[in-house]
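> Start from the sequences, fold in the hints, and give me the full structure.
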Amino acid sequence: MKLGYKLAAEAFGPKELIRQAIRAEQAGFDFVEISDHYHPWLDVQGHSPFAWNVLSAIAVQTRTLGLATGVTCPSVRYHPAIIAQAAATLAIISDGRFTLGVGSGERLNEHVVGQGFGSVRERHERLAEALDIINLLWQGGYQSYQGKYLQLEDARVFDLPDVLPVIAVAAGGKSAAELAATHGGGLFATEPRADLVETFTAAGGRGPAYAEVAVAWAPTEEEAVTEAHRTTRWAVTGWKVMSELPNPVNFEAASATVTEDDVRQQFVTGPDPARYVESVQQYRDAGYDHIVLMNAGPDPDGFLDFFTKELRDKL
Numbered sequence: 001m002k003l004g005y006k007l008a009a010e011a012f013g014p015k016e017l018i019r020q021a022i023r024a025e026q027a028g029f030d031f032v033e034i035s036d037h038y039h040p041w042l043d044v045q046g047h048s049p050f051a052w053n054v055l056s057a058i059a060v061q062t063r064t065l066g067l068a069t070g071v072t073c074p075s076v077r078y079h080p081a082i083i084a085q086a087a088a089t090l091a092i093i094s095d096g097r098f099t100l101g102v103g104s105g106e107r108l109n110e111h112v113v114g115q116g117f118g119s120v121r122e123r124h125e126r127l128a129e130a131l132d133i134i135n136l137l138w139q140g141g142y143q144s145y146q147g148k149y150l151q152l153e154d155a156r157v158f159d160l161p162d163v164l165p166v167i168a169v170a171a172g173g174k175s176a177a178e179l180a181a182t183h184g185g186g187l188f189a190t191e192p193r194a195d196l197v198e199t200f201t202a203a204g205g206r207g208p209a210y211a212e213v214a215v216a217w218a219p220t221e222e223e224a225v226t227e228a229h230r231t232t233r234w235a236v237t238g239w240k241v242m243s244e245l246p247n248p249v250n251f252e253a254a255s256a257t258v259t260e261d262d263v264r265q266q267f268v269t270g271p272d273p274a275r276y277v278e279s280v281q282q283y284r285d286a287g288y289d290h291i292v293l294m295n296a297g298p299d300p301d302g303f304l305d306f307f308t309k310e311l312r313d314k315l
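Each residue of the sequence shown is one higher than the one before, starting from 1 at the first, in UniProt numbering.
Calculated directly from the structure, the hints in this document are not laboratory data. Any given hint could be a false lead.
Claimed, not checked - In the SDA-like style, the derived pairs of lysine to any residue whose C-alpha atoms are separated by at most 25 Å in a straight line are: (1) Lys2 / Arg63; (2) Lys314 / Val249; (3) Lys174 / Asp289; (4) Lys148 / Arg107; (5) Lys314 / Arg107; (6) Lys15 / Asp289; (7) Lys174 / Gly238; (8) Lys15 / Arg230; (9) Lys2 / Ile93; (10) Lys148 / Ile93; (11) Lys2 / Gly172.
Just so it is clear, the structure is predicted and the values come from calculations on it, not from any experiment.
So this is what it looks like as structure tokens:
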């Protein structure tokens, strides 16, 4: 099993994210994963730097740390030809330490380019076309593509790594898990759902299975819950809300009724290592082998120290 540290790009500026990644490597994490957003979820978070610049800086300031997008939408705000080029370049810069995590996106980030954000079915079809284009370009040479939603005209990615990045596809249901197997080389999830891993492997998937675990570390459970509620209560609203709202003000309204008790039910909170071990084990039992700790607590350095001194050897 590999353990990852989530770089919360909505909550910290670019230099701080780079610093945290370097500390995560020193703390013993195997990889970092970064969200790729245009907006934060809530205004109180206050940040949203360009994830690809941050990852490039981390790549040249670390030696063994794996890197991953968690996740990028390569089909609306970005054209897949750009993501194919960006991911190939980052794989070279990082000496093969990069994994391209992709998904169908959230309106929060994708609506900004004024092309709309279609139905769930359309988003999945666009993602499949985007992955067709990325995989086509990674074959080398000049390529063209004519899809229902996306086109490519006589394009070539000149700088390709010797070993292409794994593409891990975010899945919340059967069709996306199958897409992860047929168009990607890995799975990405946010719940300990064994059925997604089973669907992925049944469709021929043999790559890594990534999953995020929501935690909030602080010296006391009360501090952890208070901070997670203040900055990350949007996560309790569920994917149907998270994928549809366009701006932080909408998430402020949608999460107005979320209580601290709701946060306690969704997050591992406080300083007890046993609770973290129990939660991670649920994901391991479900078949996930790349598990990301997404800390919403008030003290990133305190959490990293906690991981090194009290948690790492127990996982």
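> All the hints need checking, so say for each whether the structure fits it.
Results of checking the hints against the structure:
| no. | hint | result |
| --- | --- | --- |
| 1 | Lys2 / Arg63 | holds, 16 Å |
| 2 | Lys314 / Val249 | violated, 40 Å |
| 3 | Lys174 / Asp289 | holds, 19 Å |
| 4 | Lys148 / Arg107 | holds, 20 Å |
| 5 | Lys314 / Arg107 | violated, 39 Å |
| 6 | Lys15 / Asp289 | violated, 29 Å |
| 7 | Lys174 / Gly238 | holds, 18 Å |
| 8 | Lys15 / Arg230 | holds, 23 Å |
| 9 | Lys2 / Ile93 | holds, 22 Å |
| 10 | Lys148 / Ile93 | violated, 34 Å |
| 11 | Lys2 / Gly172 | holds, 21 Å |
The structure is inconsistent with the numbered hints 2, 5, 6 and 10, although it conforms to all the rest.
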